[in-house]
Amino acid sequence: MKVMVAVKRVVDFNVKVRCKADGSGVELANVKMAMNPFDEIAVEEAVRLKEAGIASEVVAVSLGAKPCEETLRTALAMGADRAILVESDSELQPLAVAKLLMAVVEREAPQLVLLGKQAIDDDANQTGQMLAALLGWPQGTFASRVELSEGQLKVTREIDGGLETLALALPAIVTADLRLNEPRYVKLPSIMAAKKKPLAVITPQDLGVDVAPRLKQLKVAEPAPRRAGGQVGSVAELVSKLKNEAKVF
Amino acid sequence: MSERLGITEDDRAIADAVARFAQNELAPQAHIVDRDEIRTTRYASQLAELGVMGMNLPERWGGIGASPAALILSIAEIAKACGSTASMIGAHYLATDSILIGGDDMIRDRYLPDAASGAKLGAFALTEPGAGSNPAGMITRAEREGEHYRLRGVKQFISNADDAGFIVVYAKTDPNAGTRGISAFVVDRHTPGITVSAPEKLMGIRGAPAHEVTFDCLVPVANRLGEEGAGFYTAMKVLDNSRLDVAATSLGLSEAALAAAVAWAKERKVGGEPLANKQGIQWMLADMKLRLEAAWLITLQAAAKRGAGEKFSDYSAMAKLCASEAAGFITDTALQVHGGYGFTRELPLERLVRDARILRIYEGASEIQRTVIARAMVA
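As they're listed, the protein sequences go chains A and B. The first sequence begins at 1 in UniProt numbering and counts up by one. The second sequence begins at 1 in UniProt numbering and counts up by one.
Hints are supplied without guarantee of correctness; some may be wrong.
Derived BS3-like pairs (lysine-lysine); straight-line CA-CA distance at most 30 angstroms [stated by the list, open to error]:
1) A/K16 / B/K278
2) B/K289 / A/K219
3) B/K266 / A/K20
4) B/K289 / A/K20
Quick partial rundown of chain B residues pointing at chain A, CB under 8 angstroms, derived from the structure [to be verified]:
5) A13
6) A17
7) R20
8) F21
9) L50
10) G51
11) V52
12) M55
13) I64
Calculated Cβ distances over 10 angstroms to all of chain B for the following chain A residues [unchecked claim]:
14) G25
15) E70
16) I84
17) E87
18) L135
19) M192
20) Q205
21) R227
22) S234
It should be emphasised that the hints constitute simulated quantities derived from the structure, not laboratory data. Quick reminder that beta carbons are idealized off the backbone N, C-alpha and C, glycines included.
Extracted from the complex, chain B is given alone in its bound form (with noise of 0.2 angstroms):
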């Protein structure tokens, strides 16, 4: 089969495995896990033992050595059989990469191991009530007392946050030196004085639960990630992975609404003729499949850039902006090629809407990723 620019033949057999896993016990479940909330982290130690968790992470610390392209792959094909589940798995990168990235080797050896085998899911806490697109609002509080620091604050749309390991939390340690005040911490989940609340309601990926969490709870100081101050650009360097890892989500869920909507207008017959016959409809596909491609590829140009080490914050805006905006133009044009039986929850076409309208928010919304690339450029 040929491939896209750049994807090599272990890329392929990486996604491939990934695949298989994804189509025989994620995508039966996926419909069911919308219907009830089924909470996705129950496929975690599955996941980790295919060797997914870790799949983000360096050999050293329980990775496997793939290359950022299969990474991407793997979890788009998570994604076309179940969003939920990829949305869960991205949950858990941030909080792994933000101990890779922010981490010295000590604390590294103290998670990550256990992050990639399954024994401890991750949760990654940044947002606030009053703090989304601007983190450097957070007033999460985090004071020195002894060898601890106390912990005291709100974070909000954690997800994981229930069934987490650990959660790596930002908050202020100097509350006047802006986005410098700003420290990473990893806190025990079961660490007394953390409260999570019953999960959000949901419009989409809705077995992949977001919760407010409360803290009042002490944290070691071994359990700080880098230097005091050192933590927003841990979450700036986080986020240029994680919006790749929405990208692939993106490209995952649109690939699932455009094979449907290909397969029903070849199936479906108005007027005594397959849909597929009528140029409204072809002209339909033809825009779906030029955005997926055009998505693809500057997804893919953005992992090449990770992978060869270069700095790549606008490529990962570029492709999470242009990935999640096509997954919203893909879905909803792939419910509309379905007609009536579209708008029904007996066909995924809706699940696939709403399970691809979070993507143009969380980890920056359309609006940041304008701003991500615009500063790379006049800054």
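Next comes chain A alone, as it looks inside the complex (with noise of 0.2 angstroms):
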């Protein structure tokens, strides 16, 4: 079984993110990149299947500016077997990243699709939902446990009341959550053998998808800063402070 895992590149999670000066989004320049800490669980779960005798192939996509070989090296690195790059300079929303993924499925013909459940600088959690519905294929999100059986996947995933098994006719596609598996630690020699592997590059053009924003972003601001709290002398007060000033009842 051949599967494809989708990685973004974004801001590292230790940066504290900054907005630019002029709201027009978040500061970029000279700012840690990595790769998305869930399509890294993706990855992970991709290569562990691999390493199972489940999967055949493992093959990263990644859709963004030249940079993003340095994401898809790493999940070589991670044990991907090969990787492809559809290069754009243009700011890629969920709906198109989504097209692109599903003219690079219609070209490979993986029979899963691992995401991560979301990407930790938009947010959105909207593109594997709509590389599913595009394809018309069944999807699994925010997976805790991905199990093949008898040509079924089955996918437990968290939701409010606790845990959902579904099971799933492949081809499918799957979001990784949290807990789905803590991916591994690089090996240094991993690093260098990822340099032979092969890396494609592509382009939207090559594969026949207009991908211009049909969202527009008006602007980008800080949160607002908390404000200070303050002590209060006895339960009275409390009490108060908030009937009268938080007017909490």
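Given two chains presented individually in distinct reference frames, assemble the corresponding complex, making use of the accompanying hints.
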């Protein structure tokens, strides 16, 4: 079974994000970038499927500017067999990404597409669902466990009330939640070996996809700073403040 | 992110992978390692699995084919998380570099793959109670007895000795030939006649214990590294490499201290405004940053020379001197920025100060580095 994994290059989770002064977006100059952590979990799952003898090939796909190649090299170092970059300097919104991924799926014909449940930059949480809808494939989102038995994919997903288990017919889309696995430490020799693995670069034009944004981002602003708290002298004062200032009851 | 001069994408990818391990596994334990003197040799197998224990070696013997710059960055990342661990790795590299530089392929094949895989930890025994900055003054003897040498003597401050699989020992094969009478041997740790004493009580790097080791044992002739009398030359070449490792450790500790100082200065309020608003504090931060970046540049310059196969003894000495002295200044100033809290054991500043102190002493004290630098000009 061929498995495809989508990976996004995002601001590293350790970085304290700042807005550009003109409110046009997030400051990316001189900021450390890394693979979206949920995508890393998706890659890890794909590699584990391969190590278990279930997946025959793992193909990592990223979409965006040239530096996304670094993110793909990380996926290759983790154990993906080859990589595809759909190179584009334009802004790619979830619908455009889903359409591009659909076009890659049509070329590659994987049985399973794994994605992170969302990217930690825009937190859109849309791409996996949109891709499933466009392809007309079953989807298992927020997966915390994935098992293949008798040609069916069993996906355990975290929902408000607890855990739900779905049986999906292949081919299918699965998006990874935090507890699906703990990604491995990439071994240093694998980083060197990843340089020799194939990485193909194509463009949205090659795939015949119109990636023009359908949504317009008006402004990006920092959250309002939290107001300082105060100390109260007694329970009576606390109750009075809750009642008269906070108006909680 | 903008990179320092000469660092490639590959170097960065390797350093990032090491940083991730170091921050997740080493950093949370560093204060406990220091407090309870826990041996960081416990991390050797995990570090070997990652690829760090053989990083100084060619691929043929288990290395990963990384550049000297990648090695520097990686050691710095480890030191940023735990100085003791960086020191433990440095001692291992001293041993394996000795075999790589001094030995032939036969002995390299016997020891280096196991050293890279974590199966065997290395230790390096040059210093003696009466021979530190003057290794030529060593009195440990290796006398030929048929197909063996009888090794007799005492070595001092030997890191990793107790947990080592092998110890590279430098000894006099000809006591009348000065530095040309020194030879190097690889000795299996569990050879009968080796006594490792209890670890020294150290001021810093308390997770990298140093021992006195007494030898009265037989070593096969096949375990000699190179020709008789070649040991001193080997040791000097090994130290050229290891001084870069010490420079890298200095950079890592300095990075940790400076980051802590900047965060504290922005957070801590004095008279209603952050410390960072005070010019006095800003100048301290500026001086720390200046010395850190200067040390980075000379260290990377030395690494580039090493990578190009040029002679780099003087640059290695300058890097070690510059970076270790900077680490002393930066860790001390970072503690000063923290005020009374910096002096408590609740914060890592006092540990960083103690860990950094050895860097101006081992692998050649600052005074010796000046001698090496001067000799390259006037000799």
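For each hint, the structure was consulted:
no. : hint            : result
1   : A/K16 / B/K278  : holds, 23 angstroms
2   : B/K289 / A/K219 : violated, 35 angstroms
3   : B/K266 / A/K20  : holds, 21 angstroms
4   : B/K289 / A/K20  : holds, 26 angstroms
5   : A13             : holds, 5 angstroms
6   : A17             : holds, 5 angstroms
7   : R20             : holds, 6 angstroms
8   : F21             : holds, 5 angstroms
9   : L50             : holds, 6 angstroms
10  : G51             : holds, 3 angstroms
11  : V52             : holds, 7 angstroms
12  : M55             : holds, 7 angstroms
13  : I64             : holds, 5 angstroms
14  : G25             : holds, 18 angstroms
15  : E70             : violated, 6 angstroms
16  : I84             : holds, 19 angstroms
17  : E87             : holds, 17 angstroms
18  : L135            : holds, 33 angstroms
19  : M192            : violated, 5 angstroms
20  : Q205            : holds, 27 angstroms
21  : R227            : holds, 16 angstroms
22  : S234            : holds, 27 angstroms
Of the numbered hints listed earlier, those contradicted by the structure are 2, 15, 19.
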